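*Asks:* Top to bottom, those sequences are chains H and X. Mapping of the first sequence onto the numbering used here: position 171 corresponds to residue 203, and the numbering continues sequentially without gaps. Mapping of the second sequence onto the numbering used here: position 227 corresponds to residue 598, and the numbering continues sequentially without gaps.
Please keep in mind that the hints were generated in silico from the structure rather than gathered at the bench. Among the hints, erroneous ones may be present.
Stated by the list, open to error - Straight-line C-alpha distance at most 30 Å; calculated DSSO-like pairs for lysine-lysine:
id, chain 1, residue 1, chain 2, residue 2
1, H, LYS229, X, LYS732
2, H, LYS197, X, LYS603
3, H, LYS171, X, LYS675
4, X, LYS603, H, LYS253
5, X, LYS675, H, LYS229
6, X, LYS619, H, LYS253
None of these values were measured; they are calculated from a predicted model.
What follows is the residue order along each chain.
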Amino acid sequence: MKLLIIEDEQGLRESMQEYFTEAGNICESAADYASAMVKVNMYRYDCILLDINLPGGNGISILKDLKAKGHSDGILIISAKNSLDDRLEGLDLGADDYLVKPFHLSELRARVAAIIRRKSYNGNNIMTFNEIEIDLQAKTVDVGNTSVKLTRKEFALLLYFIANKGKVVSKNAIAEHLWGDEFDMADNFDFIYSHIKNLRKKLVEAGSNDYIHAAYGMGYKFAE
Amino acid sequence: MRLLTKYNRINLITTVIVMLFTGIIYYQAVSIILTNQVDKDLLVEENEIFEHVRINHNLPEVYKSDDQQISFSPANGQTITRRFIDTTYIDQKEKEPESGRGLISSVKAGNNNYQILVVESKVETEYLIRIIFSITIAVILLLVISLFVINRLTINRLWKPFYLILNNLRTFNIADKKSILVVSSNTSEFNELNSAIATMSAKAKNDYQDLKAFTENASHELLTPIAVINSKLDTLLQTDIFNEQQSKLLGDLYESVSRLTRLNRSMLLLVKIENNLINDDQNVNVKEVIEQLLAQFSEIYADKNIKVTINLSDKHLHISKSLLEILLNNLLSNAIRHNVDYGYIDIYLNAHKLVIKNTGKNLALDSNDIFKRFNKSSHSEGTGLGLTISRQICDNNGLSLNYQYDDPYHIMTISFKD
Chain H
33 MKLLIIEDEQ GLRESMQEYF TEAGNICESA ADYASAMVKV NMYRYDCILL DINLPGGNGI
93 SILKDLKAKG HSDGILIISA KNSLDDRLEG LDLGADDYLV KPFHLSELRA RVAAIIRRKS
153 YNGNNIMTFN EIEIDLQAKT VDVGNTSVKL TRKEFALLLY FIANKGKVVS KNAIAEHLWG
213 DEFDMADNFD FIYSHIKNLR KKLVEAGSND YIHAAYGMGY KFAE
Chain X
372 MRLLTKYNRI NLITTVIVML FTGIIYYQAV SIILTNQVDK DLLVEENEIF EHVRINHNLP
432 EVYKSDDQQI SFSPANGQTI TRRFIDTTYI DQKEKEPESG RGLISSVKAG NNNYQILVVE
492 SKVETEYLIR IIFSITIAVI LLLVISLFVI NRLTINRLWK PFYLILNNLR TFNIADKKSI
552 LVVSSNTSEF NELNSAIATM SAKAKNDYQD LKAFTENASH ELLTPIAVIN SKLDTLLQTD
612 IFNEQQSKLL GDLYESVSRL TRLNRSMLLL VKIENNLIND DQNVNVKEVI EQLLAQFSEI
672 YADKNIKVTI NLSDKHLHIS KSLLEILLNN LLSNAIRHNV DYGYIDIYLN AHKLVIKNTG
732 KNLALDSNDI FKRFNKSSHS EGTGLGLTIS RQICDNNGLS LNYQYDDPYH IMTISFKD
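Build the full structure now, drawing on both the sequences and the hints.
*Replies:* Printed below as a string of structure tokens:
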């Protein structure tokens, strides 16, 4: 996939770029309004990660410009403004999603994956990972010919893992993804453990390989 | 004691004392003047006797009179000092003693010395004094009453601006956009008071706004560095295989950053709610939101083996859905987070109130303190802003949020306005 990261904060931009850089991905970046405009006018991307506050201009104008020209690039707004109006304005203008800083890179990746999925799997809602086959529409999972009964959260967790395959995902990021960032659970991550254990057990029992690995007690890694 | 009462009391006491004092002086003066008048009559009578004796060389005949009695008695060689006396006068007709004034004198008729006693009734005089005194008392009373009434009316009217100012102060809200109302008065003291209050309140508001702006800006500025730390941690996590000590350090870092993030978000949210910046009010069914949140949290309370009992009726509110969700999210997550394993949560919703009861680790909490910022139990990992935010949301939407403890339940009640 081909991505463009428009973000003025160097540290954040670099982390995002690094997190997305892997075989098969092209990840470009722009640090200000002018260079972002040049890039979006010259190339097309699967997904553009767009910061609202930019030196030299506003990310919303870039969004408007893209929509005015009829480009169908996926757009994920990244903003420090957790204002409902901004969120609604962004989504009304045609952005695909809105993520508020600070966020986990794994969350960003899951959101980007979802946008790209929506954009590219026209009508085809089946996603596969080796022997695991996921029907996004029906929300069902099959391993080979065996269907796996997952709860809503286990299903979300599996998608999250696949979007972040090969990456170590922290327990905090998983908890926030599944239960929302409003819920304050710093004192107890045990229930995440039991969730992951259940998902793992269900997949393995259905005949899948064991892809979920605990990583240093801080998180989990979904990898072959 | 009210100023008016105080003032009236002092005023009345002084008036009564002064009036009594003048009354006494007045009585004395009138009394002396009238006695002098009687004394003059007595002297006239004495002169007549002297005249009679000088011409006729004998004592005059004593004739009966209504208000005067003259009597002669031989002096028997005594020396008689001429003097006025207060005595009693016996009325011939009524045979009743009345107060009288007498003159003792002496006269030489023939070869004998006689003592003369002329007594005159003072009844008439005293009657006069009494009338004068009564009129005076009546005047005093009238004066006191009119003073009282006038004071009451004028003072109430004079102090009216003061009570208006006081009322303004009472309704003053530092977070309010409106400035304090100016009370117009032609009394310069009140005008000064008013302008002093207006200046002070404007300054307080200004400082408060500055402080709020600072909190907002500071929280905002913190977002980016926190986002960088967060992303760097996520990146660091991918780099290498960590040993146990490093993992522990990373885990602690994650936890702190996640707390910092939540704290920061809560602060920004609180500022926004305080400024009434979230106003996407719509018709929301509280019951549905609760059911949705419970489904969201089901794994978490199931993990703690908490038994949740619900009894919900439909209740529609006109409120921002996101704020209602934040409010209920805070209350429910508190009920779960501070609960004990195998504890209970009871949720009851009807048209008038929502009650969330939960068992918990803590004993009764101070119902005033828990809504204050950064007030939290020692072992809580929360931001300490959750209940402050909840209360603010309730305040902004005309709901009231209260806490009670009924062993073993902590009870949060939201009362809806009817």
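*Asks:* Hint check: H:LYS171 vs X:LYS675, CA-CA at most 30 Å. Holds or violated?
*Replies:* Holds, at roughly 28 Å.
*Asks:* H:LYS197 and X:LYS603 were given as a pair; does the straight-line alpha-carbon distance stay at or below 30 Å?
*Replies:* holds (18 Å)
*Asks:* Given the hint that X:LYS619 pairs with H:LYS253, test it: the Cα-Cα distance must not exceed 30 Å.
*Replies:* Within the cut-off at roughly 17 Å; holds.
*Asks:* Given the hint that X:LYS603 pairs with H:LYS253, does the C-alpha gap stay at or below 30 Å?
*Replies:* holds (18 Å)
*Asks:* CA of H:LYS229 to CA of X:LYS732, is that 30 Å or under?
*Replies:* Given pair H:LYS229, X:LYS732 holds - Cα atoms ~28 Å apart, limit 30 Å.
*Asks:* Sort out whether H:LYS229 lies within 30 Å of X:LYS675, counting only the CA atoms.
*Replies:* holds (17 Å)
Of the numbered hints listed earlier, not one is contradicted by the structure.
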